[in-house]
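Given chain A, put chain B in place with the hints provided.
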Amino acid sequence: MDILIAENVTKTYANHRALDKVSINVPEGSIYGLLGPNGAGKTTLIRIINQITGPDSGKVILNGEPLQAKHTSMIGYLPEERGLYKKMNVGDQAIYLSQLKGLSKSESKKRLKYWFEKFEIDSWWNRKVEELSKGMQQKIQFIVTILHEPKLLIFDEPFSGFDPINTEILKAEILKLKENGSTVIFSTHNMGSVEEICDHIALINNSKKILDGNMLDIKRSHRTNIFEIDYEPFNKSITDFLPDEFKVMAREDYGLGKRARVKMKDDSQTNQLLNLLMKNSRIIKFQEVIPSMNEIFIQKVRNENQNIR
Amino acid sequence: MNKIWLIIQREYLTRVKKKSFIIMTILGPLLMATVIIAPVFIASWGDEVKTVGIVDDSGFFKTAFKDNKHLTFKELHLDVSDAKRDREKLGCDIILYIPEPAYIYPKTIFLFSDKSIGLSNKSYIKNALNSDLRELRLRKAGVSPEVIESAKTSINIKDITLSESGSEKERISELEYALGIVLGVLIYFFIFLFGTQVMRGVIEEKTSRIIEVIISSVKPFQLMMGKIVGIALVGLTQFTLWVVLTGGIVFAMQGVFSNEVEQIKTQQMIQTGKVMDPSSSVNIDRSFDKTTVVFEALMSINYTALILSFLFYFLFGYLIYAALFASIGSAVDNDADTQQFVLPVTVPLIISIASLQFIANNPDGPASFWLSIIPFTSPVAMMVRIPFGVPWWQVALSMSLLVLGFLATTAFAAKIYRVGILMYGKKPTYKELWKWLRYKG
Numbered sequence: 000m001d002i003l004i005a006e007n008v009t010k011t012y013a014n015h016r017a018l019d020k021v022s023i024n025v026p027e028g029s030i031y032g033l034l035g036p037n038g039a040g041k042t043t044l045i046r047i048i049n050q051i052t053g054p055d056s057g058k059v060i061l062n063g064e065p066l067q068a069k070h071t072s073m074i075g076y077l078p079e080e081r082g083l084y085k086k087m088n089v090g091d092q093a094i095y096l097s098q099l100k101g102l103s104k105s106e107s108k109k110r111l112k113y114w115f116e117k118f119e120i121d122s123w124w125n126r127k128v129e130e131l132s133k134g135m136q137q138k139i140q141f142i143v144t145i146l147h148e149p150k151l152l153i154f155d156e157p158f159s160g161f162d163p164i165n166t167e168i169l170k171a172e173i174l175k176l177k178e179n180g181s182t183v184i185f186s187t188h189n190m191g192s193v194e195e196i197c198d199h200i201a202l203i204n205n206s207k208k209i210l211d212g213n214m215l216d217i218k219r220s221h222r223t224n225i226f227e228i229d230y231e232p233f234n235k236s237i238t239d240f241l242p243d244e245f246k247v248m249a250r251e252d253y254g255l256g257k258r259a260r261v262k263m264k265d266d267s268q269t270n271q272l273l274n275l276l277m278k279n280s281r282i283i284k285f286q287e288v289i290p291s292m293n294e295i296f297i298q299k300v301r302n303e304n305q306n307i308r
Numbered sequence: 000m001n002k003i004w005l006i007i008q009r010e011y012l013t014r015v016k017k018k019s020f021i022i023m024t025i026l027g028p029l030l031m032a033t034v035i036i037a038p039v040f041i042a043s044w045g046d047e048v049k050t051v052g053i054v055d056d057s058g059f060f061k062t063a064f065k066d067n068k069h070l071t072f073k074e075l076h077l078d079v080s081d082a083k084r085d086r087e088k089l090g091c092d093i094i095l096y097i098p099e100p101a102y103i104y105p106k107t108i109f110l111f112s113d114k115s116i117g118l119s120n121k122s123y124i125k126n127a128l129n130s131d132l133r134e135l136r137l138r139k140a141g142v143s144p145e146v147i148e149s150a151k152t153s154i155n156i157k158d159i160t161l162s163e164s165g166s167e168k169e170r171i172s173e174l175e176y177a178l179g180i181v182l183g184v185l186i187y188f189f190i191f192l193f194g195t196q197v198m199r200g201v202i203e204e205k206t207s208r209i210i211e212v213i214i215s216s217v218k219p220f221q222l223m224m225g226k227i228v229g230i231a232l233v234g235l236t237q238f239t240l241w242v243v244l245t246g247g248i249v250f251a252m253q254g255v256f257s258n259e260v261e262q263i264k265t266q267q268m269i270q271t272g273k274v275m276d277p278s279s280s281v282n283i284d285r286s287f288d289k290t291t292v293v294f295e296a297l298m299s300i301n302y303t304a305l306i307l308s309f310l311f312y313f314l315f316g317y318l319i320y321a322a323l324f325a326s327i328g329s330a331v332d333n334d335a336d337t338q339q340f341v342l343p344v345t346v347p348l349i350i351s352i353a354s355l356q357f358i359a360n361n362p363d364g365p366a367s368f369w370l371s372i373i374p375f376t377s378p379v380a381m382m383v384r385i386p387f388g389v390p391w392w393q394v395a396l397s398m399s400l401l402v403l404g405f406l407a408t409t410a411f412a413a414k415i416y417r418v419g420i421l422m423y424g425k426k427p428t429y430k431e432l433w434k435w436l437r438y439k440g
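As given, the protein sequences belong to chains A and B, one line each in that order.
Following numbering that gives the first Met the number 0, the numbering of the first sequence begins with 0 at its first residue and continues without gaps.
Following numbering that gives the first Met the number 0, the numbering of the second sequence begins with 0 at its first residue and continues without gaps.
Nothing false has been slipped in among the hints.
FRET-style restraints, in silico, Cβ to Cβ:
#, chain 1, residue 1, chain 2, residue 2, range
1, B, 436, A, 304, 33 to 43 Å
2, A, 13, B, 342, 23 to 33 Å
3, A, 4, B, 346, 42 to 52 Å
4, A, 73, B, 185, 41 to 51 Å
5, B, 310, A, 85, 29 to 39 Å
The hints are simulated quantities; they were obtained by calculation from the structure and are not laboratory data.
All figures in this text were calculated on a predicted structure; none of them were measured in a lab.
Note that beta-carbon positions come from the ideal geometry of N, C-alpha and C, so glycine has one too.
Isolated chain A (complex conformation) (with noise of 0.2 Å):
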């Protein structure tokens, strides 16, 4: 079951249209990647989900209804630009920003205990924000968004900031929250940060959504059916052992022997190709090159910016 589904979302400011009728779907219980450059529009995505703006047509629906007032429960959001009150206490705030989302203030001290223990964080409850680093704060902020044990989390750009030890632990407790049922939609235009994680992703350029499904999926359709091989030839090159059906893209001396990068028609002709360089040549690495999504997102977007143009 999709837990949020978006169609046809459309909003548009003053003269610049800022989403055109994007449609996603998040499945219950994924991590979900919202990709695309700075300016595609996933931000105002975001915001029309957690209510903060309307849609100027299409609709979103959680959880099975139209999107309503109720939902602000249901959602813990963690913005991109985020920050808390510098003069007010930590715990205080906590309390406060948690109630706003529907919590009672004992339950929320008692989540708020557990989770400054485990971070081990107790020590700064009285202190004021504003004598906190900004590591500190965002550590808060990321307890604040996920204390009232939302079904649906987003983050938005969720690991700038973040050293590569806080990045880990964040990484950790978000696929805890997955494992508890959670579904996670992640926002960001770096890719690297989210292909490990990501099972969907979406990609938007330009205010609409020029990719999306399963992460898996998205890489098996972008395979180029290119192998990158590095060998020994016995005799002949690999030119001529190599029947007029593999067309040889690269190739180039590397360290004891050769790497040539060989495309396919298709991926049944896979086994063949082995079997003519096992005949002909010492094999010592045989892999098809799957392109990452760093590569699938830019080469995604500048068809796109060019099919513009």
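Frame of chain A; chain B shown alone:
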């Protein structure tokens, strides 16, 4: 609703717990109490009596000077230069020298002293001389002493209000005037002080970037109204504490200085008694004791109506501006950028405070009427008029227009606020604000 309540609580508690609030709450009443008590205090201590030695070469003014609280007069039969030299031996602080006139009457007199004698003393002497001189001239012109005496009489004006039921009430316009101005100024300050607090609060949320987290939990309108109401409660708390504490301090100080106060009262009574010398009073049917009249006038004011209307204009005057201040805060990124927008918003306030005296002087004139009806100026203008008595339909009209005005400005401001809080970067122009107004949800 529950969420608005949470916001109100936070806005209220964070402000009330601030050091600056506590300091202001204590300092304010101390200051006000000092203003009230100081004159009594000064009067009880500052009674320095100076002796004036008179050297009158003209021989005209033997009887002109009567002793008062600060001055005693003593005639010296000496040459002026001797008097100047020996003034300490003679026990005089001041030597008053009236030279022999070149023409019939002297034009200039001289005061010699080592310290300044003070403005009021100087004018006392001047008045004594002038009135004596006037009498002298009139007598020379052949006017009889009885006529001169009767000409001195001043008339007291008694201002009586006729109410619809036909009862008569004496009133003192000065009191209404003062009351009106004080109440008007109070409302003006309240609006300005706490309106800008709303604006700062919005800017704080915007610059600290907490705004987006909050409006993912509550509607922007809820946040704005919660802030406005929370700060209104802070204002009411501060005001109440000021009134109560000032009253308390004044009361306590009065206890401490009760002796002095009594003394001053008796002194004043003696003086009024002197003024009321029966020989000089013509046609005054009741004894003219000013304190009694002021007291009666104070009692004659309808306090319930006054306090209720004050609270109403206090609150709605603030409310009608608070939302506008909130929208200004939302449109800019820092305090410095607010000026351009604050000025046009506060122009009506400034107009009403500038015409304060005018309204108090003509409480029923057409300008006063309109200023007290138009929502943006009515909180100050109507409050100035109310002590003078305003027809009920005007008050009702003014109040209902103010409530409508509040609803309208809040709806208007909320539209700008909603968009503004998420806008960062350059300061918007009026044209852009106009566009924001027409954005959909």
